[in-house]
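Visitor: This is what each chain is made of:
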Amino acid sequence: MTAARFSLAPEEELLLLTAAVSPRETAMRRLVSEGIHWDTFATLVQDANAAPIVVRQLARLDAATTDAGQERMRRLGMLSVMRMLQLEQLLHQTIDALAGRGIEVMLLKGAALASTAYPSFADRPMSDLDLLIRPPDQSEAAWTWLQTRGWTWPSERWERARYTTLHHLPPLIQRPPAGGAGEEFRLEVHSDLLPGGHPFRLSADEVWTQAQRVSRGDRVVLVPHALHRLWHVCVHFAWSHGMRWGAWRSLRDVGTILAGADVAWMPFVELARESRAETCCYWTLRLARRLTEAPVPDDVLDALRPPRPEVILDRLERHYVLNFFSSEAGCPSVLLSNLLWEAGILPRWSGHGSARPWQVDERWAAGAAKPPAQLARPRWARFGRLAAGWRYLRRIQRLSLPRSAA
Amino acid sequence: MTSPTSPGDITTRSVVVAAKDQVSSDLAGEAILLSLRTARYYGLDQVGQRIWELVQQPTLVADVRDAIASEYEVDLERCERDVLDLLRQLLAEGLVEVTG
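From first to last, the protein sequence lines stand for chains A and P. Under my numbering, the first sequence has 298 at position 298, and the numbering climbs by one with no breaks. Position in the second sequence counted from 1, then plus 406, gives you my numbering.
Everything labelled a hint here was simulated from the structure, so no lab data went into it. Positions of the beta carbon are idealized from the N, C-alpha and C atoms, including for glycine. Treat each hint with caution, since some may be false.
[Stated by the list, open to error] Covered by chain A, according to a simulated footprint, are these stretches of chain P (three or more residues, beta-carbon under 8 Å):
#1 427-440
#2 460-471
[Said to hold, decoys possible] SDA-like cross-link-like pairs, simulated, lysine to any residue; straight-line CA separation at most 25 Å:
#3 P:Lys426 x A:Val221
#4 P:Lys426 x A:Tyr118
#5 P:Lys426 x A:Val263
#6 P:Lys426 x P:Ser441
#7 P:Lys426 x A:Pro154
#8 P:Lys426 x A:Gln89
All chains, full assembly: derive it from the sequences and hints.
Guide: Here it is as structure tokens:
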């Protein structure tokens, strides 16, 4: 990966390099020696919840980072590790509380990966715990019961009405004990893997049927099957996050999953096809291979590849990578961004019908973002956006380099 | 966990082991410990982390001292003093136990 190829800022490129299981030290060293704005980098690291991993990856460079930069990263890393140590304890207490009530629980997302692919919980920082409950109608009982076990629902922040079509109930929170590190802990009680109205053919029942019990220390926890874990990372990133949010974490998850286990690739391709997730899996795996050298075989990408010429896929790849980070280099229009997402995911070809992730708008439902601002803009402002969109497309085109230069 | 022993009880002939009611993680050469009993965090530097690694199994303090002295090429007498100091602090905080 080169900054010229994707036109990323050095701090963004350095962060993406650290997502690799075995990062390219020469490239990291070059970026650091050319100058990194450590405050900017620290903000990116914090946004990506990547601190402990970044600290370890930078430690490979010995004294190449500045003392101030290293110290700030170290502090962020320590804070994150402290939080994860505590979050893991909280997870155990929560599982025990639910088990005591006879409620069956499966770990999802970060908690499932931290218990399987990663050596420890601290190696997979996460902002919340995601628990899947069976049967789905028990999720309400679990959610209510947990509110008697130390978790609270701040109803003014997450109104119940916003969660009627979502796959989880309003988040529950718990404050760290006195002296504990950082902000509140968050828990989401799920009844399904994805929000209502999603187009994928993988039901929570199938995930439960093939779930695996894994031992971690002196505990046994229930997690989705290895293929379902990889599938969920791919779909969550490419569909739920529109290939924009959570890129660092998703790419790292893919690389770590592939580094730690022999993936049964043909069953995975089959699963992706049958579940209508071919293009979502393709893009997540392609980006993980391109940016973090995750060992995804050629024939797997060929089997999942959307029916479009490589020249188109190449431009789309540049667009997706440019939009991992909120910066002025990113796509200037929500509409254009949605169109370019559709150009890569091919929802109709994939059998998604009219279902699109932005219809779910979970981010808005959760109060994390406001409705698109352009709705309130005057009509003349749209011409400005059209021009900006056109300039952006030309820039994506110009960024393309001959294959030999990549 | 066994009841706390007086810090003075640790000698080179003691066998020590990391207490059960703690969790820890490493961070690029440092160890971060969380006591589940007190909900307090502790940080160990690189040498402390190595000692912490060694006491994950019941280990004779003299063996810890010898390993550290050899790995870090330090004077045995000074090494013994530093190792005992750290282990006594960890014992006082309930992070290690003396098993023999």
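Visitor: If a hint holds in the structure, say so; if it doesn't, say that too.
Guide: Taking the hints in turn, this is what the structure says about them:
no.: 1; hint: 427-440; result: holds (count 9)
no.: 2; hint: 460-471; result: violated (count 0)
no.: 3; hint: P:Lys426 x A:Val221; result: holds (20 Å)
no.: 4; hint: P:Lys426 x A:Tyr118; result: holds (22 Å)
no.: 5; hint: P:Lys426 x A:Val263; result: violated (35 Å)
no.: 6; hint: P:Lys426 x P:Ser441; result: holds (9 Å)
no.: 7; hint: P:Lys426 x A:Pro154; result: violated (35 Å)
no.: 8; hint: P:Lys426 x A:Gln89; result: holds (13 Å)
When held up to the earlier numbered hints, the structure conflicts with 2, 5 and 7 and fits the remainder.
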